[in-house]
Amino acid sequence: MRVTIDGQACTGHGRCYALAPDVFDSDDRGLGVVLSVGADIPPELERQARQAAANCPEQAIHLS
Amino acid sequence: MDGAGSEDVDLMSLMGPEVSADPRPMYQALRDATPVLRLDGGMVIVSTRATVEEVFRSPDVFSSNMSAADLGNIRPLIPLQIDPPDHVLYRRLLDPLFAPRQMAKLEPEIAALAHRLIDRFVDEPGCDLVSTFTIPLPSEVFLTMFGLPLEELDTFLTMKDGIIRPAGETMAEQDVVRKATAASIYEYFGEILEKRRVDPRDDLLTGFLTAEVDGRQLTGDEIADICFLLMIAGLDTVTATLDCFFSYLARTPGHRRRVVDDPDTIPAVVEELLRFETPVAGVPRIAVKDIELGGVQVSDGDQVMVVLGAANTDDAEFAHAQAVDFGRETNRHLAFGGGVHRCLGSHLARLELRVALREFHSRIPSYHLAPGAELEYSPGIRSLTSLPLVFGD
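Residue numbers (our numbering), protein chains in the order written: chain A, 197 to 260; chain B, 261 to 653.
Just chain B, same shape as in the assembly:
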């Protein structure tokens, strides 16, 4: 089986914008070809449900450390880039802050933020939902949790975009932007932290200052490394998910009517669209041991891309996997990943998604894509550049 799983394709053909608009045929082709594929550049693509689970269950082999992804940071992001055994020490501290019961307290505030945004366009004939809703909402929720004024929105957006989609023609130019942005993020949170030390508030940052990990207080660097991660992981992902959800519902009136007529179905809608759309298409790992995976030899140092979207549309796991079914009885999707690094903010994300769907449809039950609108999905994290909607039938 020498050469099994090695194909003449490059990453861009797997992850380009056209694929991102509807990645499911590419997922199918990947799974049909081989559960694990080694690209010419050496990257290993993992695409079946079974092999994805294997990766998630072996964090000692498939590490999430700093080498798995370059985000411009100079220290490991906490907890994403910390491997076991230290990883759980941080999760014990952070999980309760993002647990469902804790998140439920935010529901009225998130609903108020959503209505404040909807107020601005509800009387218009339509809107670009990206600039008016899907970008500001997650960031404003984040600012609220951090006890920061909503006027900081633009500062926040500049910082997260400088990491996730840095300006620049070449990789080298982008790297410069990313590193400079990372330095500004460390400085930004460092300054706020100093303010909270002298003037404690009832917010996440103040909580970090008094929190203990392994019997000691967190250092300033550790708190900055947590805040950096929350900013990078918590804003773009929810924006992309809202983009995917609303663009799907704008094109499928029958499904949208279910949401409008029966708001009780919204939790199931959220889970099924998370599965079908998988807005975070994949997550990176790096092999730190030699191992065989899905018939392919993976070597220490190999970059590994875990394609969540392919696992979530695998017929071996899901009945009629390529169809959207809000009444699906069994839905073990991995849209938030799996294993020890399962998304820390998943319960916050779910709450934001449910509230956004419920409140938006209560006020704008009917809408469709503006005529001629061409949707551009970014690769990897499937956000839209714009989502022009026209309200009404």
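Bound conformation, chain A alone:
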């Protein structure tokens, strides 16, 4: 699974790195960033990633 954040849509609610700290971190403004940029996440983190995507108020997280 590949995880990306739409930087235009993210406004820093912070739900992703609170719910899925192994997949996301915050930048210095509190916007979400993906830890494994340009790489797939390990299968054991897919549940976290899905939960974060489902909880993003701006629907800024994309899974592929």
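To give a feel for the contact side, a few chain B residues facing chain A, derived at Cβ under 8 angstroms:
1) R361
2) N591
3) G599
Worth flagging that the hints you see were computed from the coordinates, not collected in a lab.
C-beta atoms are modelled at their ideal positions from N, C-alpha and C, and glycine is treated no differently.
Keeping the supplied structure of chain A fixed, place chain B upon it in accordance with the hints.
Coordinates of chain B only, in the frame set by chain A:
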């Protein structure tokens, strides 16, 4: 569809104190009637999740500028009343000061402030939680961040109340109070700023003096406009949220026991009660273009009320939306708004709420409403005039 969304109701019937005590039936009625409702006075009420999102995603149409809300200020509050493209310049400067990592450093101090307040009533049979806890805590956190002595509390409370609930029988009288209060806020922060210029400290104000926006330093006016906003947005809102949370938990022992028995559930409790209670019931916008929204024609110049509480209890978004569920798997609530103006202080607010719930329940695990207590919720920002609690089972 001429006249669709136009109903014979006025704003007071939507926002009165009785509705504020339990606004959810009104939210349901609004959503069921129409996603967007034009009141007789011209104000447009937006109440479904889908239309609320549409407003937040269109800041070029639904502006948050000075005309959206009169708070007595003479210049736009920064960043709330600045629209894109300038808005992001200020958020780049301010967001890091309120980012989660930065806020986490405040946790021990917030916990100490909470315990200092709890110490004063823990051995009593009960207390009015509003005057002893929910009002002072957010203001004392704010004073601490600004490097101001806690003795300034009353000055602060007078200033924010003079804007948010100005005394006066008529709108005109209230307007006079609001404007005079605004002048005193500008003067107050102007004076402290001069002190920090000659005697820099490790606090927010000193930080503003050295901060840069778009390659230049902030002006004194800009700093005052930021401080004004932080004071108006950061005190009452957290007080109201604590009022809503504790009054809910006082009436639902089963839910309160979850908080006491399993403090790890507190972050989820905070999110679910933010959704269910939505203490800041709505946020204002002003249309700056003609547009159709939810089947209703909105015109340039229309006042728009975005009803966050209605969006947060919309069955189209949330499973069993009218029930409180601390185990909710998906909770995309908009209690802090959404889009570019999403609450700057949300991470501070969340921290204050978590710490308050954790520390209070660690010392007072059991409490209930005092017999005969009638809770009066103010409209809009749902704070209580008092919350009389009795400790123990």
